[in-house]
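Here the protein sequences come in this chain order: A and B. Heads up: the first sequence begins at 1 in my numbering, then just goes up one per residue. Heads up: the second sequence begins at 1 in my numbering, then just goes up one per residue.
Treat the hints as calculated values from the structure; they're not laboratory data. Even glycine gets a Cβ: it sits at the ideal position worked out from N, Cα and C. A few of these clues could be false.
[As the list claims (entries may be wrong)] Distance windows between CB atoms, simulated:
(1) Arg117(A) to Thr62(B): 33 to 39 Å
(2) Asp180(A) to Val7(B): 32 to 38 Å
(3) Gly284(B) to Glu215(A): 55 to 61 Å
(4) Arg286(B) to Asp113(A): 32 to 38 Å
(5) Asp220(B) to Arg226(A): 51 to 57 Å
(6) Gln236(A) to Gln115(B): 58 to 64 Å
(7) Glu234(A) to Arg286(B): 37 to 43 Å
(8) Leu230(A) to Thr216(B): 57 to 63 Å
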Amino acid sequence: MTSSPVALINARLLDPATGKETPGGVMIENGLIVDIGAKVTKANAGERTQVVDCGGDIVSPGLIDMCAFIGEPGASHRETITTASRAAAAGGVTTIVAAPNTNPPIDGSASVDYLMRRARDNAKVRVLPCAALTKGLAGAEIAEIGLLKEAGAIAFSNGPTSVVSSQVMRRAMIYARDFDAIVIHRAEDPELARMGVMNEGEFASRLGLPGIPREAEAIMLDRDMRLVALTFGEGQQGGHYHAQMVTTTLSLEIIAKAKAAGLPVSCATSINHLTLNESDIGQYRTFLKLSPPLRAEEERVALVEALAGGLIDVIISDHNPQDVEAKRVPFSEAEYGAIGLETMLSAGLRLVRSGQVSLGRLINAMTVRPAEILGLPQGRLQKGAPADLIRFDPDEPYVVDPSRLQSRSKNTPFDEARMEGVVKLTMVAGTIV
Amino acid sequence: MTARAPVFPHRHLLGIEGLSRPDIETLLDMAEEAVKVSRQVEKKRAVLSGRTLINLFFEASTRTQSSFELAGKRLGADVMNMSVATSSVNKGETLIDTAATLNAMRPDLIVVRHQHSGAVQLLSQKVSCSVINAGDGSHEHPTQALLDALTIRRNKGRIEGLTVAICGDVAHSRVARSNIILLTHLGARVRVVGPSTLLPAGIERMGVEVHRSMETGIRDADIVMMLRLQRERMQGAFIPSLKEFARFYGLDEDKLKWAKPDALVMHPGPMNRGVEIDSAVADGPRSLITEQVEMGVAVRMAVLEALSQNLPNG
């Protein structure tokens, strides 16, 4: 990094590790945070220093999104690394963990290498590949976890599907443990979820749509916890299991029990499941057709409480761009997924405004907590940390206008929604992007 | 070759388990003598003259079977090889039927290899002759462990106190189990090294140190013993690929630098060159692999001779 020093002054500094907000500034040099606090002022900045007056806005670490689909390779009509990174920068996301379910899947060191080179040349934010846990994401054979990790894979997942075979999952987990590799798993029993297109219950029945019971998630997650106990449990060194998305109270009970037993487990939920429920589908709005499906309101409330209490570690965007044609079809035939990189912060701020979650915890779940799980140095507001920072005004209102979104696809569930919270500056490694 | 051979108080050799340290040392000492005999022009002895030895191999084998055949012939026995095609054998009952049939032919010694753990022991209960286990499933391969011990002892002068790293597919290896029992019995420090998917559950309770990385596993080792990777059933199931296995667990010259400067390399064969062992190491100056084959014949001569002393009219 040879960019000139930058001073962000006159800000409310939010440290997501402690949740504390203090007035002051941040001094950035050579891509790193070199000083923080009240002493960082315009007067104390050197003459080469670019000074940004934040006007009392919040400055926090940039967000780390542990699961986003970024289109490359194979789906550049939906998203590209360029457009995904613009969307991320606009939304205050400075690190994207790219999902492996591309075409072809990220299951070989050459594809990791490809993705990293594409990101280096085209992305404004950091893009870290999450590689496939099994070859071709087929759930049958362990992927080359050692070679993939050497090539730069930050974690391993089976994309949006579960590894159904318990034998394969067990072996993949113990093999990953040897390489200190994090296993991220999307738990859903595909048999129980098959045919379903939304949450099972009254709403689905009224709409005449086949449902997916909460148990589809719980059964697979419960199995996974037993495998975690078997492979990462007592007497074993290392290993970490991260549940990619929990969306039901049943899952929360399972995670709580596993954590109480001291198992190396963490979990995330999506911003959609925290802020929307099944009734938002209304009259077959396909932009709200998600996997796992949006749940009942009481489930959503429980997720928010679990986030506030720390049982849910991380919030992800679950950014899943779909082109218009894939959504402009009957609900049952529409693709799953919604974009989320640009709106995850302002959507999350709704929970702060309603008093259910503190601002510190919200930002913690999007910065330092994912950084801890992934073993990353960024996501922290401290001296020596990478200068991945954002400035935002949590109260500034705006209306989501799909035509102004940076993502290549416009399938936002917050179409025309009134939001508060505008990102005014995004900095990656000391450079304003 | 005049001295009366020392006493070996067993009717069968089904495994290293159950042998005492003096039993093992007796066999190794007898094998030393057999090495001398095998290096003479006149290799033939009359110890097993008039005796019948049957090689009964339910699993394909080249080196073990020919090694036993040669050992039997050098001791003067009549040797018959029976290779039973796996496909035509309906396990269980057929094994016992086969045993009864062979027993009726009144052999003195039967050497058995079988794909199922415990099958050789079962057979031994049904015959009146001596039975030698030439490998049963993933259980034991006692003559391999004995020949490995002999090779080590001849090159290092001792076994006690040496650090031996057994690397690779420990889970499916009968060679590993027999070696672990034998080497720990004789006072070596034994380590097993491999990915967790290839290490059997509870292995640490067999008195070995468990290592998941080659770097820690073979650091300062005196002997690096590589195991054969059964590639046909490995890929994707226990390891992601041969390429990845070779990268992290294959022994090449770079990894061998972690071991002691005078460390020696062993492999029970047949080797997967470029997978668990690199050719430069396998054929290099620190390789004992061909010597192991020579010691194999000697150890099998010793075992046959020792067991023959306990045969009726012996």
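To see whether the hints hold, each was checked on the structure:
no.	hint	in the structure
1	Arg117(A) to Thr62(B): 33 to 39 Å	48 Å, violated
2	Asp180(A) to Val7(B): 32 to 38 Å	53 Å, violated
3	Gly284(B) to Glu215(A): 55 to 61 Å	59 Å, holds
4	Arg286(B) to Asp113(A): 32 to 38 Å	35 Å, holds
5	Asp220(B) to Arg226(A): 51 to 57 Å	39 Å, violated
6	Gln236(A) to Gln115(B): 58 to 64 Å	31 Å, violated
7	Glu234(A) to Arg286(B): 37 to 43 Å	40 Å, holds
8	Leu230(A) to Thr216(B): 57 to 63 Å	24 Å, violated
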